[in-house]
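Q: Now for the letters of each chain:
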Amino acid sequence: MSQSANTAAASAAETAVPMQYLTVSLAHEEYGIDILAVREIRGWTPVTRIPQAPHYVLGVLNLRGAIVPVLDLRLRFGLVRKDYDANTVTVIVTVAGRHFGVVVDAVSDVLDVAAGDVRPVPDMGTAVDTEYLKGLTSVAERMVLLLDVDRLLQPQDAQMLEAALPAAADVQAVA
Amino acid sequence: MVNAALAQFQQVFIEESLEGLDTMESSLLALDDGGDAELVHTIFRAAHSIKGGAATFGFPEMSSFTHEAESLLDEVRGGKRAIDGGIVELLLRTVDCLRGMFARARAGEPLNDAVAEGLRGELAAAMGRGAAAGGVQARREVDQADAWTIRFRPHPGMLAGGNDPLRLIRELAGLGELAVTAELDRLPALDRLDPAECHLGWTIELAGPAKRADIAAVFDWVEGECELAIEPKHVVAAAAAASAAPAAAPVADVAAARAQRETSAESSTVRVAIDKIDGLINLVGELVITQSMLDTFRDGVDASRLALLEQGLAQLARHTRELQESVMGIRMLPIASVFNRFPRMVRDISQKLGKQVRLELVGEHTELDKTVLEKIGDPLVHLVRNAIDHGLELPAQRRAAGKGDTGTLRLEASHRGGNIVVEVSDDGAGLNREAIVAKAVQRGLIASGEGLGDEAVADLIFQPGFSTAAVTTDLSGRGVGMDVVRRNVADLGGSVTIRSTSGKGSVFTITLPLTLAIIDGLTAAVGEERYIVPLVSIVESIQLQREAIRTVVGGGELFRFRGDYLPVIRLHELFGCPDAVRAIDEGLLIVVEGEGARVGLFVDGLIGQQQAVVKSLEANYRRVSGVSGATILADGSVALIVDVAGMVRMQSRRKVA
Numbered sequence: 001m002s003q004s005a006n007t008a009a010a011s012a013a014e015t016a017v018p019m020q021y022l023t024v025s026l027a028h029e030e031y032g033i034d035i036l037a038v039r040e041i042r043g044w045t046p047v048t049r050i051p052q053a054p055h056y057v058l059g060v061l062n063l064r065g066a067i068v069p070v071l072d073l074r075l076r077f078g079l080v081r082k083d084y085d086a087n088t089v090t091v092i093v094t095v096a097g098r099h100f101g102v103v104v105d106a107v108s109d110v111l112d113v114a115a116g117d118v119r120p121v122p123d124m125g126t127a128v129d130t131e132y133l134k135g136l137t138s139v140a141e142r143m144v145l146l147l148d149v150d151r152l153l154q155p156q157d158a159q160m161l162e163a164a165l166p167a168a169a170d171v172q173a174v175a
Numbered sequence: 001m002v003n004a005a006l007a008q009f010q011q012v013f014i015e016e017s018l019e020g021l022d023t024m025e026s027s028l029l030a031l032d033d034g035g036d037a038e039l040v041h042t043i044f045r046a047a048h049s050i051k052g053g054a055a056t057f058g059f060p061e062m063s064s065f066t067h068e069a070e071s072l073l074d075e076v077r078g079g080k081r082a083i084d085g086g087i088v089e090l091l092l093r094t095v096d097c098l099r100g101m102f103a104r105a106r107a108g109e110p111l112n113d114a115v116a117e118g119l120r121g122e123l124a125a126a127m128g129r130g131a132a133a134g135g136v137q138a139r140r141e142v143d144q145a146d147a148w149t150i151r152f153r154p155h156p157g158m159l160a161g162g163n164d165p166l167r168l169i170r171e172l173a174g175l176g177e178l179a180v181t182a183e184l185d186r187l188p189a190l191d192r193l194d195p196a197e198c199h200l201g202w203t204i205e206l207a208g209p210a211k212r213a214d215i216a217a218v219f220d221w222v223e224g225e226c227e228l229a230i231e232p233k234h235v236v237a238a239a240a241a242a243s244a245a246p247a248a249a250p251v252a253d254v255a256a257a258r259a260q261r262e263t264s265a266e267s268s269t270v271r272v273a274i275d276k277i278d279g280l281i282n283l284v285g286e287l288v289i290t291q292s293m294l295d296t297f298r299d300g301v302d303a304s305r306l307a308l309l310e311q312g313l314a315q316l317a318r319h320t321r322e323l324q325e326s327v328m329g330i331r332m333l334p335i336a337s338v339f340n341r342f343p344r345m346v347r348d349i350s351q352k353l354g355k356q357v358r359l360e361l362v363g364e365h366t367e368l369d370k371t372v373l374e375k376i377g378d379p380l381v382h383l384v385r386n387a388i389d390h391g392l393e394l395p396a397q398r399r400a401a402g403k404g405d406t407g408t409l410r411l412e413a414s415h416r417g418g419n420i421v422v423e424v425s426d427d428g429a430g431l432n433r434e435a436i437v438a439k440a441v442q443r444g445l446i447a448s449g450e451g452l453g454d455e456a457v458a459d460l461i462f463q464p465g466f467s468t469a470a471v472t473t474d475l476s477g478r479g480v481g482m483d484v485v486r487r488n489v490a491d492l493g494g495s496v497t498i499r500s501t502s503g504k505g506s507v508f509t510i511t512l513p514l515t516l517a518i519i520d521g522l523t524a525a526v527g528e529e530r531y532i533v534p535l536v537s538i539v540e541s542i543q544l545q546r547e548a549i550r551t552v553v554g555g556g557e558l559f560r561f562r563g564d565y566l567p568v569i570r571l572h573e574l575f576g577c578p579d580a581v582r583a584i585d586e587g588l589l590i591v592v593e594g595e596g597a598r599v600g601l602f603v604d605g606l607i608g609q610q611q612a613v614v615k616s617l618e619a620n621y622r623r624v625s626g627v628s629g630a631t632i633l634a635d636g637s638v639a640l641i642v643d644v645a646g647m648v649r650m651q652s653r654r655k656v657a
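Just so you know, the protein sequences line up as chains P and G, in that order.
Letter by letter, the first sequence follows residues 1 to 175 in the working numbering.
Letter by letter, the second sequence follows residues 1 to 657 in the working numbering.
Just so you know, these hints were derived from the structure itself, not from any lab.
Beta carbons are placed, not taken as given, at the ideal position from N, Cα and C, and that holds for glycine.
Just so you know, not all the hints are guaranteed correct.
To be verified - Some, not all, of what chain P presents toward chain G, calculated at C-beta under 10 Å:
(1) Val17
(2) Met19
(3) Gln20
(4) Ser25
(5) Val38
(6) Arg42
(7) Val47
(8) Val57
(9) Gly59
(10) Asn62
(11) Leu63
(12) Gly65
(13) Ala66
(14) Ile67
Given only the sequences and the hints, what does the whole structure look like? Please build it.
A: Set out below in structure tokens:
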């Protein structure tokens with residue numbers, strides 16, 4: 001088989017194989033997280049708070065010996081805080097080798113989404129900043145917003161730093 | 001061609017060679033002090049394996065460079081040449097140059113530089129080849145020929161080393177056409193023939209232009225295991241022109257290799273003594289036995305066997321502790337690896353400054369955590385430089401002060417309690433109180449020296465930007481220094497103190513924790529949260545009356561402790577814990593010490609003492625000020641470890657602001 005035929009076959013396969021998404025619910029909307037980024041799903045357990053953290057970082061938990069920060073996706077997106085209940089879960093995601101926990105209202109399903117079925121996000125009408133979405137798709141009348149996990153966590157690192165800087169300044173200003 | 005596997009071997013080769021260079025250096029220094037012939041052999045062996053390895057792993061420049069040094073060593077070894085200071089000096093510089101080559105090899109840069117070229121010439125000159133220019137020319141001429149006669153007679157034992165003469169001949173065939181004649185004269189009678197020995201020899205006629213070095217390279221691995229004679233049949237007339245070419249070609253080679261090599265991060269490995277591993281295996285064996293014993297209680301415990309269960313659990317606890325210690329022990333390496341660089345350094349610096357220094361190394365076998373070991377080198381180098389540059393006097397000054405010409409610099413490592421203590425002491429002039437005070441006043445650090453104790457004055461040299469050196473030399477005195485030393489040591493969870501007597505000398509004491517991976521700590525409660533305070537930094541815990549607290553303008557709280565006023569840091573405020581005790585007389589004050597200062601940490605109460613396995617917060621999150629890491633408590637929840645030094649720093653920053 002020639003090289004070009006190989007490449008063509010590979011790219012055809014790429015479009016043909018649907019991406020899988022774990023759908024989670026958050027404030028009556030459904031969001032999809034790329035299942036390849038999901039490491040595990042666990043029930044909500046209390047976390048240890050950490051100082052000088054942004055408000056949406058709830059704290060850290062012990063993931064089999066690793067210290068993993070946990071953030072509340074509702075607070076992350078500026079939604080109303082909801083009391084945690086039996087349905088509340090922490091989805092552990094891995095981005096660029098780092099683990100994060102994301103607290104959502106509930107997990108619902110795993111979806112196969114073909115690349116052709118992903119539509120661009122309109123600028124308004126969702127609670128979540130479109131910056132963190134890579135598209136939307138609909139499954140049996142339900143709309144699912146696909147989260148861009150990489151984007152979700154990267155600007156946040158910057159924000160964590162920003163949040164830390166005034167905290168450091170505070171220490172100096174106290175006197 | 002550098003593929004992934006070769007690159008990996010190269011890494012191992014580089015690491016081993018660097019160790020070899022260390023051996024060469026220390027042996028050379030010992031030789032300088034009048035060592036025996038065995039040292040020469042050690043040096044020769046190290047140089048030889050670097051040469052062989054360099055040729056195999058694709059560093060021809062390094063191989064040919066080391067070859068020069070090896071030839072020189074060979075003459076010394078063979079008694080043809082007496083070793084003298086000049087040769088030791090030359091070889092020491094060769095070691096340095098090779099280190100540079102390895103550093104460049106790691107970075108994928110061209111290996112040769114002007115220093116290497118210069119040294120190569122000097123080595124050749126030392127061999128007496130450079131004495132007459134014609135001599136060099138003559139040698140160069142036979143470096144290249146149209147045809148060669150190679151006589152190759154392996155020693156009988158060569159096959160045992162895994163060297164296959166056929167492979168060598170096949171490799172030679174790559175250089176040109178071969179006509180091989182076997183020499184059977186040493187072949188024994190059939191009944192006395194040992195098939196594991198090599199009794200054959202070969203005479204090989206190589207047709208086609210080839211360089212002597214290329215031919216010799218084929219036999220690199222069997223050197224010393226065979227008789228080898230390489231003789232040209234026809235000398236190439238235009239050899240002189242070709243002599244420039246070999247230098248240029250390998251550089252291009254390396255450049256190509258670099259393009260292929262990935263940016264491989266410096267991998268970090270530990271070499272572990274085999275007895276440590278054996279000890280571990282024994283322990284694991286005992287642990288398995290204990291486990292199977294405890295397993296018999298799976299079906300329930302009746303009162304009659306309660307004692308047995310207790311015994312089993314006690315055993316389990318003991319073995320776990322031992323296992324922990326042994327595993328930590330794997331990370332522990334003798335401090336000798338850090339100390340070893342000093343004889344050379346002290347020799348160089350003292351020569352440069354015209355001072356006479358005797359270096360004493362004590363406790364080289366004291367073991368330290370690898371992480372600590374890697375980071376303690378720089379602070380120690382700094383202290384040693386300072387001691388020679390500022391501390392020890394010139395011979396004339398020493399005589400005037402009634403001391404011997406030669407100053408003593410002593411490096412001592414020892415275990416003291418749960419700590420490692422490294423002391424750098426000299427019998428020099430000691431700290432100059434007037435100069436320090438004057439400098440501190442000039443820098444605006446203090447108003448005047450009055451009322452300052454010696455300890456407080458000594459402490460001034462740890463302030464950033466402080467240096468009393470009258471002249472800035474390239475050794476020390478640039479004003480960055482002691483503060484960096486203190487900071488580096490503090491980052492390792494240790495501290496630095498000075499004891500100095502004017503005219504008698506100074507002692508710098510570095511105190512370090514045994515390991516960074518596990519700490520002993522007190523668990524303190526603050527509201528719902530648990531925090532670990534490292535035990536080493538705790539002075540004591542006290543309960544205070546409300547009246548004992550003085551509030552100063554600006555909101556800070558102070559309390560009186562053994563004649564000092566110390567600041568109070570309320571952990572619940574710093575960490576933002578709700579539901580914590582706020583009234584000072586209801587909680588507890590833990591007096592902690594870090595970076596030479598004390599503060600009181602206000603907590604709700606103490607829960608108990610425990611060993612904490614330090615986990616990084618940064619692995620998945622980021623650094624949090626005031627927290628040095630996290631640990632996992634018995635119930636599986638996470639507790640943060642208080643960074644005492646960081647808190648003291650925060651507190652002093654507050655004071656300055």
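Q: Indicate, hint by hint, whether the structure satisfies it.
A: Evaluation of the provided hints:
1. Val17: violated, 29 Å
2. Met19: Since the shortest Cβ distance to chain G is 25 Å, the answer is violated.
3. Gln20: violated, 24 Å
4. Ser25: Violated - the Cβ of Ser25(P) stays beyond 10 Å from chain G, reaching only about 25 Å at its closest.
5. Val38: violated, 15 Å
6. Arg42: violated, 12 Å
7. Val47: This interface hint holds because 7 Å falls under the 10 Å limit.
8. Val57: holds, 8 Å
9. Gly59: Holds - the Cβ of Gly59(P) comes within 10 Å of chain G, reaching about 8 Å at its closest.
10. Asn62: This hint holds: Asn62(P) lies near chain G, its Cβ roughly 5 Å from the closest one there, short of 10 Å.
11. Leu63: Since the shortest Cβ distance to chain G is 9 Å, the answer is holds.
12. Gly65: Gly65(P) check passes; min Cβ-Cβ to chain G is 7 Å, inside 10 Å.
13. Ala66: With a closest approach of 7 Å, the Ala66(P) hint holds.
14. Ile67: holds, 5 Å
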